[in-house]
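S.K.: Sequence:
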Amino acid sequence: MKLKDKIAVVTGGASGIGESICKAYSQEGAKVIIADINAEAASKLAQEIGSNSCSYEVDISNRSSVIKMAKQVTSEHGDINILVNNAGARIIKGFMQHSADDWDQMLAINLSGPFHCSQAFVPNLIRSGGGVIINLCSIASYIGRPNRCGYVAAKSGLIGLTRAMAIDLSLKKIRVNAISPGMIASPFNQSFAEAEETSDTWASENLIGRWGAPDDIAGAAVFLASDDSEFITGSDIKVEGGWLYGRARAGEVPMWDS
0 MKLKDKIAVV TGGASGIGES ICKAYSQEGA KVIIADINAE AASKLAQEIG
50 SNSCSYEVDI SNRSSVIKMA KQVTSEHGDI NILVNNAGAR IIKGFMQHSA
100 DDWDQMLAIN LSGPFHCSQA FVPNLIRSGG GVIINLCSIA SYIGRPNRCG
150 YVAAKSGLIG LTRAMAIDLS LKKIRVNAIS PGMIASPFNQ SFAEAEETSD
200 TWASENLIGR WGAPDDIAGA AVFLASDDSE FITGSDIKVE GGWLYGRARA
250 GEVPMWDS
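Residue numbers (numbering that gives the first Met the number 0): 0 to 257.
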């Protein structure tokens, strides 16, 4: 087991990618702490996973809520080894339709939230002798996406924060990395995945030829949390099926004679 006896906190862990990460970590021997704004869903998942899991309610956009949760976790479970900043949100509106409140909300959840959570748990990681922080970003940071300016800006900022944290925390033996998912068939993208035309188009635009699954991201999260990645920090792993390059498939380009 790659994460045996480790303690991991996963924000937004009650559904989608977060749920898959929680289950994968548990299967690898970690105690999993599910932190989510949906207390009922988090509790249900913790019961499903079993005795090696528990849940806490938290609003990551509220620093006081984060600090309260971190203190509860520390008091009841001791110092953690792994923090996964997975919780996120998205508003789909055109640039001029984005209100100031929309903008602030996107930054509060997708950028400030991971900042608050990391600051709250870094002392735990230090006391543990070091550890791992994983930030869930987005492939949208690399290509932009229409009608998502707040989300794209915040996730782009999170990649920058990941690099800065990796530098600042390196002397404390804390590795900080990011994962940028592509199109994942999760509740976050449910409406797009269920629309046949959109679903088929996006599947055809990556090199693998299908939508990603939450388990695809969980595999990367296990790798980054384990000693298998002990020489990796400040990096962003793109898990997007080659979507960035899908429009240049080899089969669609004239090949030269051998």
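Certain hints may be false.
Unchecked claim - Straight-line C-alpha distance at most 16 angstroms; calculated EDC-like pairs for lysine to aspartate or glutamate: (1) LYS3 with ASP235; (2) LYS22 with ASP214; (3) LYS1 with ASP226; (4) LYS171 with GLU229; (5) LYS22 with ASP227; (6) LYS237 with ASP215; (7) LYS172 with ASP215; (8) LYS172 with ASP214; (9) LYS1 with ASP227; (10) LYS22 with GLU47; (11) LYS67 with ASP78; (12) LYS43 with GLU56; (13) LYS67 with GLU47; (14) LYS70 with ASP58; (15) LYS70 with GLU56; (16) LYS171 with ASP78.
Said to hold, decoys possible - Restraint ranges, calculated between C-beta atoms of paired labels, are given here: (17) GLN46 with LEU170: 23 to 31 angstroms; (18) ARG209 with LYS67: 39 to 47 angstroms; (19) ASN146 with LYS172: 23 to 31 angstroms; (20) TYR244 with ASP101: 26 to 34 angstroms; (21) ASP103 with GLY143: 14 to 22 angstroms.
Source of the hints: derived by calculation from the structure; they are not laboratory data.
Don't be surprised by glycine CBs; every beta carbon is placed ideally from N, CA and C.
S.K.: Look at each hint and say if it fits the structure.
M.R.: Hint check:
no., hint, result
1, LYS3 with ASP235, "violated (25 angstroms)"
2, LYS22 with ASP214, "holds (9 angstroms)"
3, LYS1 with ASP226, "holds (8 angstroms)"
4, LYS171 with GLU229, "holds (14 angstroms)"
5, LYS22 with ASP227, "violated (19 angstroms)"
6, LYS237 with ASP215, "holds (11 angstroms)"
7, LYS172 with ASP215, "violated (27 angstroms)"
8, LYS172 with ASP214, "violated (28 angstroms)"
9, LYS1 with ASP227, "holds (8 angstroms)"
10, LYS22 with GLU47, "holds (9 angstroms)"
11, LYS67 with ASP78, "holds (15 angstroms)"
12, LYS43 with GLU56, "holds (12 angstroms)"
13, LYS67 with GLU47, "violated (25 angstroms)"
14, LYS70 with ASP58, "holds (14 angstroms)"
15, LYS70 with GLU56, "holds (13 angstroms)"
16, LYS171 with ASP78, "holds (15 angstroms)"
17, GLN46 with LEU170: 23 to 31 angstroms, "violated (40 angstroms)"
18, ARG209 with LYS67: 39 to 47 angstroms, "holds (41 angstroms)"
19, ASN146 with LYS172: 23 to 31 angstroms, "violated (41 angstroms)"
20, TYR244 with ASP101: 26 to 34 angstroms, "holds (32 angstroms)"
21, ASP103 with GLY143: 14 to 22 angstroms, "holds (20 angstroms)"
Hint check: violations occur at hints 1, 5, 7, 8, 13, 17, 19; the rest are consistent with the structure.
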